[in-house]
Amino acid sequence: MSDHSSLRTPSQRIAWTATIIVSTLVFIFLIAPILAIMPLSFSSSSYLTYPLPGLSLRWYDDFINSPRWMNSLKNSMIIGVASTLLSMVLGTTAALGLAQWKSRFKPLVLAFVLSPVVVPGVITAVGLYFFFAPIGLTGSYLGLILAHTALATPFVVITVGATLQSFDTNLARAAASLGASPLQAFRRVILPLILPGLASGALFAFATSFDEVVIVLFMAGPEQRTLPREMFSGIRENISPTITAAAVILTTVSVILLATLEALRRRNERLKGGGG
Amino acid sequence: MTNALPTGATASTEVPLKRRLRRAERTRQVKALALVLPLLLFLLFTFAGPIAGMLWRSVEDWEVRQVLPQTIAALASWDGKDLPDEKAYAALASDILAARAAGTIAIAAKRLNYALNGFRTILTSTARNLKALPEPGTAKDTLGKINPAWRERATWTTIKDAGGPITGFYLLAALDLTRNADGAIVAAPPDQAIYRDIFLRTLLISLGVTALCLIFGFPVAYLLATLPPGKSNLLMIFVLLPFWTSLLVRTCAWIVLLQSKGVVNDSLLWLGFIDTPLRLIYNRFGVCVAMTHVLLPFMILPLYSSMKAISPAYMRAAASLGAPPLTAFLRIYLPQTLPGIGAGSLLVFILALGYYITPALVGGAADQMISYFIALYTTETANWGLASALGAVLLLATVLLALVYGKLVQSQQVTGGMKN
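From first to last, the protein sequence lines stand for chains Z and E. Counting in the numbering used here, the first sequence runs from 1 upward without gaps. Counting in the numbering used here, the second sequence runs from 277 upward without gaps.
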């Protein structure tokens, strides 16, 4: 397995050491900016550099007492939760259908369903801006929720689809043969088994909406500004330490999402291991 | 259906069963399709429709047609060789008076000004100075006196070309091309020919970032694929945490680190390596650093999964057959990672092409990529035709590359399946 423990020649050892050194530097490169910004949010000075003159929570206080920031956090939550729910309904039904559908058009349909991930954000945003403005959907929560749902649903289709692929269809047949109606079979047999996949899909969907900023830039009125949108203007104007507090809050949400996802993955692997 | 049953029953007992199974299967397929349909309709409304609308805008030409309808009709029979006849002048005078009353002159003026610089003045001055409908037969003289531009053929060709309903004007402009007075496609005047440079810049930044991601991502993916699972899972956090952290947070972090009074410059000053702060951000360097940071996980993850699939037995076999480590790596290991390299590079490149937020925040004026201009023309100058045309070019490039990516990943899955 790990052939680095049995490296024989000096040149192999050198190559392995070089790999470790380069990788360490890359790991530092990847993680350092995120770690560096966090302590600054606890600084007592408005000067964004080290060493910190003292610790304080004044920037968090600023964040909490700013109607602008709190409103943006609320908007991010509303839009994130609503588009997650909508994309779960649309994505799960579509994944269930796609798992059973046999057609030579299937790759084409799948490519279409997944295309919102690939198309550059600006193109989707400009298209939506032109399309939604005449029907009054710009500057509205509904417009943003619909747009974010379109971006988030592919992730639901992928994760739920992957779960269904490993799902043993004999279980559904067994349920049917024992007299369960299709709805009963879904609720009592299929759903509990694919629930971790659904949860992962929901997390991906929420993260997609929570992090999205290009569409919000084009479509949101002042009332619907989300947290990333508020950060965007904050960075543009002048980086105040309040932004670093917002960044820490956003990162905390990301870490919670990532940890939940990892826990789900582990649970799934354990279940698979136990089953086999 | 009803008459098929008896014949089937008399022929053999197997046929109706087959038929029933087939019918059941068909019902299942219809049900399956019905489950997919809501999402398809939803995406049609929130994604495909809007993008199709944008593509339509890149060729649509309605402004002049709507504001100067009689002129366009009168010019339909004009051969474009000489000045148009009196009828066209009279139509224009009548259109201008109507448009002035309706307040729509500016709409046509804006569109015509894209095609011919200064047309806005021609049209608005004419609208201001034209007191009333000229006497029959005097329209040509009246308009010519108000603005001599009406005595030039190019003025009229511009109107005729902008008459719609569809035009190649914006798409040509997006490629630094234009039509001359004779209708031939020629290079656009240098002051308008900026888009090829912008596309080239977008391409270069994307290529550079892809190369950086590959150079830095390869050793990391190799390390993660080679270490025992316990260690590699732990190290994977270093890749996944940035991957999940908000783009805005990461961009903000780089600004805090790299700005002239930022963490990096302060540390270097303190350590005595430099005397004056380095310019690390709001330039190409800052854009490349921040974009590489954002896109690196998209390189590492596909590389990692392709390396994970390579059995260590191959390398051992190469070694046992006497291949030196470097030869074994170059001839046995590396070729097997090529699909992963291809998939990762294409993914990073596709994502980089459409980047907007990061260059907009950490780049200078000369580092803005094509998405920035699409956004600029949409929201600031409202030149929607050009914004859509630039979008169409970007979309075409993305879709073509995505198709290649799809083929690559598919073939990888096929060969992977055969190996198992």
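Just so you know, the hints here were simulated from the structure itself, not pulled from any lab data. Since the structure is predicted, the reported quantities are computational estimates derived from the model, not experimental observations. Some clues are possibly wrong.
Sample of chain E residues lacking proximity to chain Z, with all beta carbon distances greater than 12 Å (derived) [as the list claims (entries may be wrong)]: (1) 307; (2) 428; (3) 455; (4) 646; (5) 651.
Here are the computed lysine to any residue pairs in the SDA-like style, where the Cα-Cα straight-line distance is at most 25 Å [claimed, not checked]: (6) 584(E) <-> 104(Z); (7) 307(E) <-> 96(Z); (8) 436(E) <-> 406(E); (9) 507(E) <-> 261(Z); (10) 294(E) <-> 99(Z); (11) 584(E) <-> 608(E); (12) 102(Z) <-> 537(E); (13) 363(E) <-> 422(E); (14) 294(E) <-> 173(Z); (15) 683(E) <-> 164(Z); (16) 106(Z) <-> 678(E); (17) 74(Z) <-> 239(Z); (18) 102(Z) <-> 681(E); (19) 537(E) <-> 236(Z); (20) 102(Z) <-> 422(E).
Examples of chain Z residues lying across from chain E (beta carbon under 10 Å, computed) [claimed, not checked]: (21) 27; (22) 28; (23) 29; (24) 56; (25) 57; (26) 60; (27) 100; (28) 107; (29) 149; (30) 151; (31) 228; (32) 248; (33) 262; (34) 263; (35) 264.
Just so you know, even glycine gets a beta-carbon here, dropped at the ideal spot from N, CA and C.
Consistency of the hints with the structure:
With a minimum CB-CB distance of about 8 Å to chain Z, residue 307(E) fails to clear the 12 Å threshold, and the non-interface call is violated. At roughly 35 Å, the least C-beta separation between residue 428(E) and chain Z is larger than 12 Å, which holds for a residue marked as non-interface. At roughly 25 Å, the least C-beta separation between residue 455(E) and chain Z is larger than 12 Å, which holds for a residue marked as non-interface. Some Cβ of chain Z comes within 12 Å of the Cβ of residue 646(E); the nearest lies about 8 Å off, and the non-interface call is violated.
With a least beta-carbon separation of about 6 Å from chain Z, residue 651(E) fails to lie farther than 12 Å from that chain, contradicting its non-interface assignment. Restraint check for residue 584(E) and residue 104(Z): the C-alpha separation of about 31 Å exceeds 25 Å, so the hint is violated. Under the criterion of a C-alpha separation no larger than 25 Å, the hint pairing residue 307(E) with residue 96(Z) is consistent with the structure, at around 10 Å. For the suggested pair residue 436(E) and residue 406(E), the alpha carbons sit about 21 Å apart, so the restraint of at most 25 Å is met.
A distance of roughly 19 Å separates the Cα atoms of residue 507(E) and residue 261(Z); the hinted pair therefore holds under the 25 Å criterion. For a cut-off of 25 Å, the pair hint linking residue 294(E) to residue 99(Z) stands: about 23 Å separates their Cα positions. Our distance criterion of 25 Å between C-alpha atoms is met by residue 584(E) and residue 608(E), whose separation comes to about 14 Å. Simply put, residue 102(Z) and residue 537(E) have alpha-carbon atoms about 60 Å apart, too far for the 25 Å limit, and the pair is violated.
Restraint check for residue 363(E) and residue 422(E): the C-alpha separation of about 18 Å stays at or below 25 Å, so the hint holds. For the given pair, residue 294(E) sits about 19 Å from residue 173(Z) by alpha-carbon distance, which is consistent with the 25 Å threshold. Between residue 683(E) and residue 164(Z) the CA atoms are separated by roughly 23 Å; this keeps the pair inside 25 Å, and the hint holds. Taking the CA atoms of residue 106(Z) and residue 678(E), the gap is near 17 Å; set against the 25 Å cutoff, the hint holds.
Taking the CA atoms of residue 74(Z) and residue 239(Z), the gap is about 22 Å. The hint holds against a cut of 25 Å. Of the pairs offered as hints, the one joining residue 102(Z) and residue 681(E) holds, with about 23 Å between alpha carbons and a cut-off of 25 Å not exceeded. A threshold of 25 Å between alpha carbons decides the hint, and for residue 537(E) with residue 236(Z) the separation of about 17 Å falls inside it, so the pair holds. With a C-alpha separation of about 70 Å, the suggested pairing of residue 102(Z) with residue 422(E) is violated against the 25 Å cut-off.
For residue 27(Z), the interface hint holds, since its Cβ comes within 10 Å of a Cβ in chain E; the closest pair sits about 4 Å apart. Against a cut-off of 10 Å between C-beta atoms, the interface hint on residue 28(Z) holds, since the closest Cβ of chain E lies about 9 Å away. Residue-level restraint check for residue 29(Z) holds (minimum Cβ-Cβ distance to chain E is 7 Å; threshold 10 Å). Because the beta carbon of residue 56(Z) sits about 18 Å from the nearest beta carbon in chain E, more than 10 Å, this interface hint is broken.
For residue 57(Z), the interface hint is violated, since its Cβ never comes within 10 Å of a Cβ in chain E; the closest pair sits about 19 Å apart. A hinted interface residue such as residue 60(Z) counts as satisfied when its beta carbon comes closer than 10 Å to some beta carbon of chain E; here the least separation is about 16 Å, so the hint is violated. At its closest, the beta carbon of residue 100(Z) sits 4 Å from a beta carbon of chain E; the interface hint therefore holds under the 10 Å criterion. Proximity of residue 107(Z) to chain E holds as hinted, the smallest CB-CB distance being about 8 Å (cut-off 10 Å).
Residue-level restraint check for residue 149(Z) holds (minimum Cβ-Cβ distance to chain E is 7 Å; threshold 10 Å). Among the interface hints, the one on residue 151(Z) holds; its C-beta lies about 8 Å from the nearest C-beta in chain E, closer than the 10 Å criterion. A distance limit of 10 Å between C-beta atoms decides the matter here; for residue 228(Z) the minimum to chain E is near 5 Å, and the interface restraint holds. The beta carbon of residue 248(Z) is positioned within 10 Å of a beta carbon in chain E (closest approach about 8 Å), and the interface hint is therefore held.
Interface restraint check: residue 262(Z) against chain E, minimum CB-CB distance 8 Å, threshold 10 Å, status holds. Because the beta carbon of residue 263(Z) sits about 13 Å from the nearest beta carbon in chain E, more than 10 Å, this interface hint is broken. Because the beta carbon of residue 264(Z) sits about 14 Å from the nearest beta carbon in chain E, more than 10 Å, this interface hint is broken.
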